[in-house]
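Q: Quick note, the sequences are listed as chains A and B, same order.
Mind the numbering: the first sequence is residues 672 to 1264 in our numbering, read in order.
Mind the numbering: the second sequence is residues 133 to 321 in our numbering, read in order.
If you're looking for bench data, these hints aren't it; they were derived computationally from the structure.
Bear in mind that the values here come from a model prediction, so they are computed numbers and not experimental data.
Errors might be hidden in some of the hints.
Residues from chain A shown here face chain B by an in silico Cβ test under 10 Å; the list is partial [what the hints assert, rightly or not]: (1) Thr677; (2) His836; (3) Pro851; (4) Lys853; (5) Pro854; (6) Gly984; (7) Ile1211; (8) Cys1225.
Calculated lysine-lysine pairs in the DSSO-like style (CA-CA distance at most 27 Å, straight line) [said to hold, decoys possible]: (9) Lys1232/A with Lys228/B; (10) Lys242/B with Lys1232/A; (11) Lys300/B with Lys1191/A; (12) Lys242/B with Lys1222/A; (13) Lys152/B with Lys1191/A; (14) Lys228/B with Lys1004/A.
Derived list of chain A stretches under chain B, where covered just means 3 residues or more per stretch with a C-beta under 8 Å from a C-beta of chain B [as the list claims (entries may be wrong)]: (15) 1002-1011; (16) 1228-1234.
For each residue, glycine too, the CB sits at the ideal point set by N, CA and C.
One letter stands for each residue in the lines below.
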Amino acid sequence: MKRLMTGNEAIARGAWEYGICFASAYPGTPSTEILENIALYNKDIYSEWAPNEKVALESAIGASIAGVRSLSAMKHVGVNVAADPLFTFAYTGVNSGMVLISADDPGMHSSQNEQDNRNYAAFAKIAMFEPSDSQECKDMVGEALKISEDFDIPALIRITTRISHSKGIVVCEDERLEMPNKPYIKKMEKYVAVPAHSRKLRINLEDRQKRLAEYSETTSMNSIEWENRGIGVIASGIVYQYAREALGDGASYLKLGFTHPLPMKKIRDFASKVDKLWVIEEGDPYLENQIKAAGIICSGRDTFSGIGELSAGEIGLKIAGNSCEVLSSDTSKVVPRPPAFCAGCPHRGFFYQLGKMKNLMITGDIGCYALAFNKPFNAIDTVICMGASISTGHGAQKAFEIKGEDRRVVAVLGDSTFFHTGINSLLNIVYNNSKTITCILDNRITGMTGHQENPGSGYNLRGEPASAVNIEEVCRSLGVKNIQTINPNDLKKVKETLKWAMELDEPVVIITRWPCVLKKFSQEDKTEFGNIFSKYHVDIEACTACKACLKAGCPAISLSKDSKKVEIAQASCTGCGVCAQICPAEAIFREEI
Amino acid sequence: MVKNILLVGVGGQGTLLASKLLTTGLMEAGYDVKMNEIHGMSQRGGSVSSHVRYGEKVFSPVIDRGAADILVSFEEMEALRWLEYLKPEGKVVVNKFRSNPVSMLTGDTKYPENILDLITSKADAIILDACQIAEKLGNSRVMNIVLLGALIEVIGINSIDWEGLIEKHVKYDFVDINIKAFKAGRNQV
Ligand SMILES: Cc1ncc(C[n+]2csc(CCOP(=O)(O)OP(=O)(O)O)c2C)c(N)n1
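Build the full structure now, drawing on both the sequences and the hints.
A: So, in structure tokens, the structure goes:
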């Protein structure tokens, strides 16, 4: 059956068709929909969200060793978190096949960096596949599992945003390949990575690399398309599609779908039969460096910068001189649409108050709340990686003390981020007695990536009720003595609580607890928070047009061109009431329902 | 020949459903189809785009600058933002509808003047008030299907049973109004 699928959907389909039984991930754009779609096959595949990527990968490793085919998926930076188990799992090898999906984000559509995770395959010495469309995403899951088992090695499938989120036609099989589960046999010398064993595994890993290199030469995934031999192009992943689009039959192609180890004989042979060889890549010159190290002359990085995404247009222009006419128009007046806190976002009230406090350093984290660096809040000073708010805040606080500077550090992170890697950092705050003020903005869901359940939300990926971790109890058991949980929409309470924390000279945690307005409310949410939705209106007579309420940065509030007074868009207002508390003229009132 | 259709708008306007119907129809008609969507920030008021490419064999899922045969913009300013993606001889369908980014709400920026005039002076444009048409039918949310109807008329593929597709992909209670919206859109062209 033919279906239009995104790369992520096709990988999920591949997981089902090729007999994967266990899948674990932590959400992260552009990888998130892989597990969301695998969860739809819940009759055949057990799937779960892990609190972070290291836990996800380790769980998939355990499932493989125990004897079922497994998968773990994450965004590129997630592999940094999961790198520790990955490197040693290459030594031990698998029992049943294991694939790791890394979804990279060239161009940083929704990421903090654009690292090229192909480097991990060479670094960890594992097999790597790079699909160039949705059909290949599905097919390569099957091939990766087979290679993982045949060569006793974890397999990496490396995709990028345009592969994850582009749809293409996929031919689906109606039946799932039922793999016989493998027996679990204790093999200390294989799975216990102590030095004596690892030294042997290390030698064996080198041998497996050699055999994989032979496979790379013969697999149909590395294939040549002969057209015009004046130009030879080597490319992998989406870049192959861009090059093929741009140059058509004006060039010959060596399309690489299996990219670690590389088929160097095939590459050398291809290079010898074309006049000019181009190696075209987004990200790092991963292919080019190896090809050049093998003594083969080629161009690539001298022409394509590796910064951001490539396009067919850029390739056509730089290699073939194809330019196309573009409608030039004055776009200088086109206003950008940067993301902003939604109307009713529970982060708003908290940052409205925090942004007004003086002499702070506010260490932020990765989540919707990072948007508070923007106007009108200007209330985030740093964002590095998930979980970094508390630990960078700790180092900064100590540095201010060393320097004798009277500046207080406030660390801000969300519930999902706290579970991801915040807990260890809070442990450090207690252990090393830091007066950093930790603020956990608990909106009862993983918001930024599109509302995934997490260990605090009370549900799991399969939609079943799960034990909901109590953040306050976690903090208390780590040894934090000063903890308050508040409603972030209550501005007076937020202000008082921040003041209370400032006066303390020891570890302190503030938890704001209010649901994201976009989340689907569970029965527990409804019981705890009641019906949170209502509407607010402006009394035009009373409004003095002082614009104080605009400082809330709410997309529902605007200055009317006609009346020159403030108005609230009824379609967007959700009734959080923050603007009404800010209004000095008491001109904003709640609609009685 | 591969045809390129770019649908752009603002999060929440229903571009995704429109491009889903479009691509499904094209696939069922036997074309090779690819589509790319950038919608990461759609829930937070960001600009969204769907690139749809179809033909005998499609390689890249992304439409380059200057390559779109048809640009359908669900919002006025977005049409201007994406105009350079249109082929000089291409056609643009613009919805007479404005959505203000946050910086406009606070009075820090202004909505650009005369956008529609500017666009008509540069390209072959069809301008329609899909929102008003949808409201007249009884639900402003079917604006996206009005625009889809206009687009299909511009593309001119008549061998596809678009209304049957709507029936298959839209919730039962909304099938009627969506088909009316689709027809109304077609009549605008
Ligand atoms: C290592 C890593 N994994 C995943 C992500 C993707 N990511 C960005 S924000 C976010 C979730 C944040 O959720 P939460 O802390 O609850 O804050 P909210 O967005 O709900 O305010 C995730 C998973 C990332 N940037 N880095």
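Q: Now tell me if each hint is right for this structure.
A: How the hints compare with the structure:
For Thr677/A, the interface hint holds, since its Cβ comes within 10 Å of a Cβ in chain B; the closest pair sits about 8 Å apart. About 6 Å separates the beta-carbon of His836/A from the nearest beta-carbon of chain B, less than 10 Å, and the hint is met. Given the 10 Å rule on beta carbons, the hint for Pro851/A is violated: about 36 Å separates it from the nearest Cβ of chain B. A cut of 10 Å between beta carbons decides the hint on Lys853/A: the least distance to chain B is about 38 Å, and the hint is violated.
Hint status for Pro854/A: violated, given a least beta-carbon distance of 43 Å to chain B, over 10 Å. Because the closest C-beta pair between Gly984/A and chain B is about 4 Å apart, less than 10 Å, the hint holds. Below 10 Å, beta-carbon pairs count as interface contacts, and Ile1211/A has none with chain B, the closest being about 17 Å; its hint is therefore violated. Interface hint at Cys1225/A: satisfied, since its Cβ lies 8 Å from the closest Cβ of chain B, which is below the 10 Å cut-off.
Taken as a hint, the Lys1232/A and Lys228/B pair is honoured in the structure, with Cα atoms around 19 Å apart against an allowance of 27 Å. A hinted pair counts as satisfied when its Cα atoms are at most 27 Å apart, and Lys242/B with Lys1232/A qualifies at roughly 11 Å. Of the supplied pair hints, the one linking Lys300/B and Lys1191/A holds, its CA atoms being roughly 26 Å apart against a limit of 27 Å. Between the alpha carbons of Lys242/B and Lys1222/A the distance comes to roughly 18 Å, so the proposed pair stays at or under 27 Å and holds.
With a C-alpha separation of about 24 Å, the suggested pairing of Lys152/B with Lys1191/A holds against the 27 Å cut-off. Simply put, Lys228/B and Lys1004/A have alpha-carbon atoms about 18 Å apart, close enough for the 27 Å limit, and the pair holds. Under a criterion of three residues with beta carbons nearer than 8 Å to beta carbons of chain B, the stated coverage of the segment 1002-1011 of chain A is upheld, 9 such residues being counted. Proximity of the segment 1228-1234 of chain A to chain B, defined as three or more residues with a beta carbon under 8 Å from a beta carbon of that chain, is established by the 3 residues found.
Checked against the numbered hints given earlier, this structure breaks hints 3, 4, 5, 7; the rest are met.
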